[in-house]
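J.: Residue strings, one per chain:
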Amino acid sequence: MSDTFILNGKETPYTPGQMILEAAKNGGIEIPTLCYLKGSTPTGACRICLVEVKGARSLMAACSTPVTPGMEVFTETALVHQARKLNVELLLSSGTHNCLVCEANGNCRLQDLAYFYKITDLRFEEKAASDIYPKEDQNPLIVRDFSRCILCGRCVQACNEVMVNRAISQGYRGKESKIVTGGDLPYHESECVFCGQCVEVCPVGALTEKKAKGLGRPWEIKKIRTTCPYCGVGCQQWLHVKDGKIVKVTAVEDAQPNQGRLCVKGRFAYDFIYSEERLKTPLIREANGEFREASWDEALDLVAEKFKEIIKKDGPDAIAGVSCARSINEDSYQMQKFFRAVIGTNNIDHCART
Amino acid sequence: MTVAGLAATFGSGAMTNSIDELEYTDLILATGTNTTENHPVIGMKVKRAVRQHGTKLIVIDPREIDLVKYADIWLRQKPGTDVAVFNGLMNVIIAEGLYDKEYVAGRTEGFEALKEVVAKYTPEAVEKISGVPAEDLKKAARLYAGAARASIIYAMGITQHTTGTDNVKSTANLAMLCGNVGIEGGGVNPLRGQNNVQGACDMGALPNVYPAYQPVANDDVRKKFEAAWKAALSAKPGLTLMEIMAAAGSGKVKALYVMGENPLLSDPDLQHVKKELQKLELMIVQDIFLTETAQMADVVLPACAFAEKEGTFTNTERRVQRVRKALEPPGEAKADWEIICGISGKMGYPMAYASAREICEEVRTVTPSYAGITYERLEKEGLQWPCPTVSHAGTKFLHKDKFSRGLGLFTALEHIPPNELPDQEYPFLLSTGRVLYHYHTGTMTTRARGPVERCPESLVEIHPEDAERLGIADGQKVKVTSRRGKVEAKAHITEKSAPGSIFMNFHFNEAPVNFLTNPALDPIGKIPEYKVCAVKLEAA
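Note that the protein sequences, when read in sequence, are chains A and B.
For the first sequence, the working numbering gives the first residue as 106, with consecutive numbering after it.
For the second sequence, the working numbering gives the first residue as 22, with consecutive numbering after it.
For the record, the hints were derived by calculation from the structure and aren't laboratory data.
Note that the coordinates shown come from a computational prediction; the quantities given were computed from them, not determined experimentally.
From the three backbone atoms N, C-alpha and C, an ideal C-beta is built for every residue, glycine too.
Mixed in with the good hints there might be a few duds.
DSS-like, lysine-lysine: derived pairs with alpha carbons at most 25 Å apart [claimed, not checked]:
{"#": "1", "chain 1": "A", "residue 1": "Lys347", "chain 2": "B", "residue 2": "Lys245"}
{"#": "2", "chain 1": "B", "residue 1": "Lys245", "chain 2": "B", "residue 2": "Lys257"}
{"#": "3", "chain 1": "A", "residue 1": "Lys316", "chain 2": "B", "residue 2": "Lys367"}
Where chain A lies over chain B, by a calculated footprint (3+ residues, C-beta under 8 Å) [stated by the list, open to error]:
{"#": "4", "stretch": "69-80"}
{"#": "5", "stretch": "157-169"}
{"#": "6", "stretch": "201-214"}
{"#": "7", "stretch": "259-272"}
From just these sequences and the hints, can you work out the full model?
T.: Shown next as structure tokens:
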């Protein structure tokens with residue numbers, strides 16, 4: 106007999122050891138989640154994925170309850186909806202969730218859930234401003250706004266289990282609870298290596314990219330997938346672009362080789378592109394030693410003429426090329442083809458050795 | 022480098038296995054790779070393997086890198102003694118009969134010669150050469166040999182030595198001895214330092230080979246390319262980068278065309294490099310910034326950055342992936358290939374391509390390992406070469422059942438000391454490398470907000486014992502001098518490097534460590550010995 110359980114009245118197969126959330130997903134039923142983070146141990150912290158299990162004394166968290174043979178699970182009952190809604194209402198009271206001034210507006214799981222469960226007013230009083238930890242805005246990359254933090258722990262899971270950087274954890278107790286670094290230091294004085302994975306997985310506006318501030322709202326942004334230009338790992342990333350400018354960079358989920366991860370360079374070191382020092386026109390050195398701007402035609406004519414002259418005078422092996430280990434394959438291919446077929450030499454190398 | 026070493030032993034110079042396999046293997050041996058700083062996402066997978074999947078980790082590195090915290094065994098060898106350490110590991114494995122006899126007999130050649138040489142490298146002899154305690158070496162050997170699947174990862178700490186090719190071959194020897202090549206979760210895995218260094222090699226931006234490592238000296242191959250490109254081609258292998266620089270200095274090379282590289286910060290013995298480049302009649306530099314090198318050029322051509330063009334990169338695990346245009350380039354900057362085509366056209370050889378895709382289509386026709394790779398197929402996910410046909414799914418790991426060259430070749434190697442070791446006048450050993458927040462010559466990262474604040478300048482890592490003896494305080498300016506030059510930078514007192522050794526990064530032109538480094542080359546791979554040179558150290 107194969108392993109099955111009853112999902113909303115329908116016999117559904119599952120793999121032993123699977124949690125209800127996953128088994129339901131395979132069976133075509135999406136259970137809403139908030140704190141659940143793929144690739145890490147479920148914590149069951151947010152209670153949004155609650156489901157009814159026949160015979161159980163209370164509602165169960167689907168992310169952390171293993172399926173048992175013949176288990177009867179109901180994902181959409183009135184009781185389930187009521188409980189999920191209540192939990193969203195409690196989360197809304199956990200700080201100051203003012204979408205109007207929040208960087209995460211339009212990209213917020215809590216906002217989505219509040220809308221889905223038709224919450225129109227705050228049932229519980231918001232936490233007093235005096236009870237909220239002050240915003241941390243001291244480093245150049247990541248803003249930590251504790252008034253938006255719902256303590257779901259996704260950032261902690263990402264830091265400890267997905268990236269294994271082990272820089273943050275759940276700290277203090279009760280209403281004092283806070284996500285902390287070792288010694289509760291600000292990020293830039295802690296063990297944090299600024300991979301920004303905590304920002305990537307934050308479902309609300311508690312952790313945001315500082316450089317992205319004010320540059321564009323999620324619905325104004327076009328996402329373009331590309332490959333990171335830094336080390337040889339080749340992480341897949343989304344460039345979030347608005348008006349021809351990169352707003353921020355995030356990782357592509359479920360894609361090799363990084364499976365949703367990026368490091369500090371891949372995520373944050375993109376703004377060299379806009380440096381005022383970028384070269385914008387060809388330059389030719391004058392007799393006085395200074396550069397002057399030139400047109401493409403003039404510059405390329407000069408280069409071609411000089412190459413022809415040197416080939417005639419000293420032969421093709423008097424010319425050498427250094428190709429580039431950062432540019433695209435198509436550029437490298439053209440460069441070596443140019444040296445071999447046009448100049449007539451094999452003097453072409455690149456910095457594989459440095 | 023890697024290409025030379027692994028091509029000779031296996032027949033293919035690339036990472037044998039895939040990044041994802043690291044997370045699920047039984048043992049990882051990391052040597053000469055500061056993975057968490059230089060390949061952070063692979064570093065995360067290694068740490069995850071250890072923490073969550075019970076993978077064993079052996080670190081062989083002179084520096085106390087972050088991965089040491091996760092290691093079961095850390096062997097701290099003296100820089101430049103890698104061949105001795107690997108011979109020592111194999112000595113123990115052979116002496117204790119722990120090697121994979123069936124694999125060695127069926128899939129390799131050269132074992133007897135290897136056995137004879139490594140017999141001399143007893144743990145006690147290796148301890149004398151490398152400083153690695155004999156008992157630790159034995160433990161590491163037994164641990165590696167005992168793993169069902171073991172993966173070796175390495176980077177520039179292995180290759181940037183005058184014995185770089187030997188070092189690479191040593192890692193291959195160990196892997197083959199225990200039957201770890203050609204299996205999932207195993208292999209010899211060079212972590213390539215730049216986003217497309219694998220691709221640049223694959224595309225034939227090397228002086229001795231066309232795309233897909235087809236030798237220029239081979240008549241049949243050359244005829245094929247002459248037909249494809251409709252041009253007469255030279256049969257004489259060209260000069261390597263370091264040889265090109267020397268030829269510029271001697272006047273043999275008159276013109277240099279540099280695309281996107283910055284030898285005036287990245288090459289060893291910079292003062293000498295500058296003198297060599299000054300002798301050129303013509304220097305053309307194509308880049309996105311007016312780099313140290315571009316400032317010496319006669320003509321500078323403005324190029325596009327990665328986000329401003331379509332194309333492909335090939336990552337360290339041979340995965341060809343798409344690069345997509347998201348932004349317009351500034352001013353009149355153009356894609357490198359467009360500029361090359363422009364020059365070519367003016368020289369009477371039209372290269373008429375409408376797009377990078379058209380170039381990729383041509384690449385497929387002359388590059389057997391890329392023949393099945395099209396932009397359409399890359400739309401969703403990358404493909405790992407070899408991918409010989411459009412219906413081929415790509416290759417996760419190489420050398421399954423058979424090596425590319427037939428039998429795997431053991432190479433019997435002796436330890437050769439580095440070219441320049443500390444002496445009375447220059448008593449410290451200098452190694453160079455990268456730090457997490459920056460990349461190579463810093464042209465990109467030193468212009469990015471965040472990395473600059475996190476790491477604003479070059480630092481000299483000094484062990485507390487040495488600092489105390491020399492009266493150097495943390496943050497104090499120090500002068501580092503070698504036979505070739507001197508630089509000044511702030512001291513960072515840390516136990517990361519062993520006493521007697523210092524470490525500097527090469528990202529900043531304010532403290533160009535390559536004024537100091539030794540241009541001595543590996544005889545085969547022609548790689549400079551960035552990891553070892555002799556210096557003296559004093560408060561500035």
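J.: Hints first: check each against the structure and report whether it holds.
T.: Results for each hint:
With a C-alpha separation of about 47 Å, the suggested pairing of Lys347 of chain A with Lys245 of chain B is violated against the 25 Å cut-off. The suggested pairing of Lys245 of chain B with Lys257 of chain B holds, with an alpha-carbon distance near 16 Å, which does not exceed 25 Å. With a C-alpha separation of about 44 Å, the suggested pair Lys316 of chain A and Lys367 of chain B falls outside the 25 Å cut-off, and the hint is violated. Counting residues of the stretch 69-80 of chain B whose CB falls under 8 Å from any CB of chain A gives 3; the rule of at least 3 is met.
Three residues within the 8 Å Cβ limit are the bar, and the stretch 157-169 of chain B against chain A gives 0, so the coverage statement is violated. Look at the stretch 201-214 of chain B against chain A: 3 of its residues bring a Cβ nearer than 8 Å to a Cβ of that chain, three or more, so the hint holds. A stretch counts as covered by a chain when three or more of its residues have a beta carbon under 8 Å from one of that chain; for the stretch 259-272 of chain B and chain A the count is 8, and the coverage holds.
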